[in-house]
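Peer 1: Let the hints inform the model, and build the full structure from the sequences given.
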Amino acid sequence: MTETAVADSLPSPVLAEPRPRVPAVLADDAQLIAACRRGEARAMEMLYHQYKRRVFGMAHRIVGPNDAEEVAQEVFVRVYRGLAAFRGDSALSTWIYRLTVNAALSYLARRGRRQEIPVDDSLSEVAAPPIAERDPGLAARIETALGQLPAGYRAILVLHDVEGLSHEECAEILECRVGTCKSQLHKARARMREILGTIGVSR
Amino acid sequence: MTCGEARAKLTAYLDGELEGERGSAVRGHLRTCGACRQAATDEAALRDGLRDLPPVDPPSSLWAGVQARLAQAEMADAERPAWRRALARLVPSRFVGVQLGFAGVAVALAVLLLAWRVRGPEPARIALPAPTPAPAPAPIAAGSDVTDELAAAAASETKGYADTAAELLADVAHERAHWSDDHKQAFDARVAELNKQIAAAADGRPRQKAYRALIRYLQRAAIRDDVALAGGAP
Chain A
1 MTETAVADSL PSPVLAEPRP RVPAVLADDA QLIAACRRGE ARAMEMLYHQ YKRRVFGMAH
61 RIVGPNDAEE VAQEVFVRVY RGLAAFRGDS ALSTWIYRLT VNAALSYLAR RGRRQEIPVD
121 DSLSEVAAPP IAERDPGLAA RIETALGQLP AGYRAILVLH DVEGLSHEEC AEILECRVGT
181 CKSQLHKARA RMREILGTIG VSR
Chain B
204 MTCGEARAKL TAYLDGELEG ERGSAVRGHL RTCGACRQAA TDEAALRDGL RDLPPVDPPS
264 SLWAGVQARL AQAEMADAER PAWRRALARL VPSRFVGVQL GFAGVAVALA VLLLAWRVRG
324 PEPARIALPA PTPAPAPAPI AAGSDVTDEL AAAAASETKG YADTAAELLA DVAHERAHWS
384 DDHKQAFDAR VAELNKQIAA AADGRPRQKA YRALIRYLQR AAIRDDVALA GGAP
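Chains as they are written, first to last, in our numbering: chain A, 1 to 203; chain B, 204 to 437.
No wet-lab data here; the hints were simulated from the structure.
Any given hint could be a false lead.
Okay, the calculated bits of chain A under chain B, using three or more residues with CB under 8 angstroms as the criterion [what the hints assert, rightly or not]: (1) 41-52; (2) 100-110; (3) 179-187.
Everything numeric in this text was worked out from a predicted model, so none of it was measured.
C-beta atoms are modelled at their ideal positions from N, C-alpha and C, and glycine is treated no differently.
Peer 2: Okay, structure coming up:
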């Protein structure tokens, strides 16, 4: 067998795929902000429609379906009332997502369901049962598993994997270092695989 | 590369963050290690599954809820006195303690400033070299009356105190509406007494001193608004 033939007979490696990027928002964020600051109803509604899906989606997946609307309302109120003090140190979207994650995590803390994230664990060494091929129930199982994660892990998975934000953006939103963000994502995925493995037994 | 090293880099590898030899080493390990390959397959499936989760549509009631909460917040703003709104702009509302601290510092500075303006700055105590003889003052022009100018300056200063007191009184009046009847009576009686002292005081320094007493009292009443609302005397 030639060297090429040996290489062909090996299983094809799992290769990285390019991640989707956040679509560019309106170019005139500054105008939108200025109009919102003046209290223009149309601009406020435009901003709402621009961010409602992401804000609600993040809140939904971090605090759960029952409380997502309340958290999303709180976020938008904080956005409109905070725009006067928004200095543009970060992109408008980053600022809004940071408010969303903070509001969701604070809400969980107030609700008393916050779970501590272990400083270190060896989950990556645990052999998780295979998640196997795509199946129709996977999305539902992933949603269930997300709900069982500690809130901090949930936040990084939602930002990076669900919303497709870069590590740099996640770090800015979570106000941590990029390295911390990466290690948290690694641990969060390992924990998800562990939970999904347990759920997978009954499927 | 060991399995531990490969697992530690798996997330970065799958996210396309390992370039060149670093990526190649992980890929090489995956070619030869079935367990790590399975872990990589699982993590990739999980990553794709998360990415492909269907978007969650917000309920149609969300916008109405946001508008209602904004309206509530704006009405609450309207009921707050101007100095509190100014403080809220400086310090976010969640730091109520810091806001009150700021208010305390601001009042202390205002009192110090008033005291400084009335008494003038402390004379410099540093030993200075013997001054050179100053040029003789210019003779007072005929027709100018220095006494009149001094009197006008004092009157203007007194008016400044009166304006400050009136402004503070307007601010505290907002708070007063929320006080108990006992507190209102005590407050009104004290303000009336202080006003009487102002009216009785002679022009100039004595009247300014009486105004300062009123201003100090009103500042305390404004700052202690929370205490007053909770049942303490203003």
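Peer 1: Counting residues of the segment 41-52 of chain A with a beta carbon closer than 8 angstroms to any beta carbon of chain B, are there 3 or more?
Peer 2: holds (count 3)
Peer 1: Can you tell me if the segment 100-110 of chain A counts as covered by chain B, using C-beta to C-beta distances under 8 angstroms and a minimum of three residues?
Peer 2: Our answer is that it is violated, as 0 residues pass the Cβ test (under 8 angstroms) against chain B, missing three.
Peer 1: Examine the segment 179-187 of chain A for residues whose CB is less than 8 angstroms from any CB of chain B, and state whether their number is three or more.
Peer 2: n = 3 at 8 angstroms, threshold three: holds.
Of the numbered hints given earlier, the model fails hint 2 alone.
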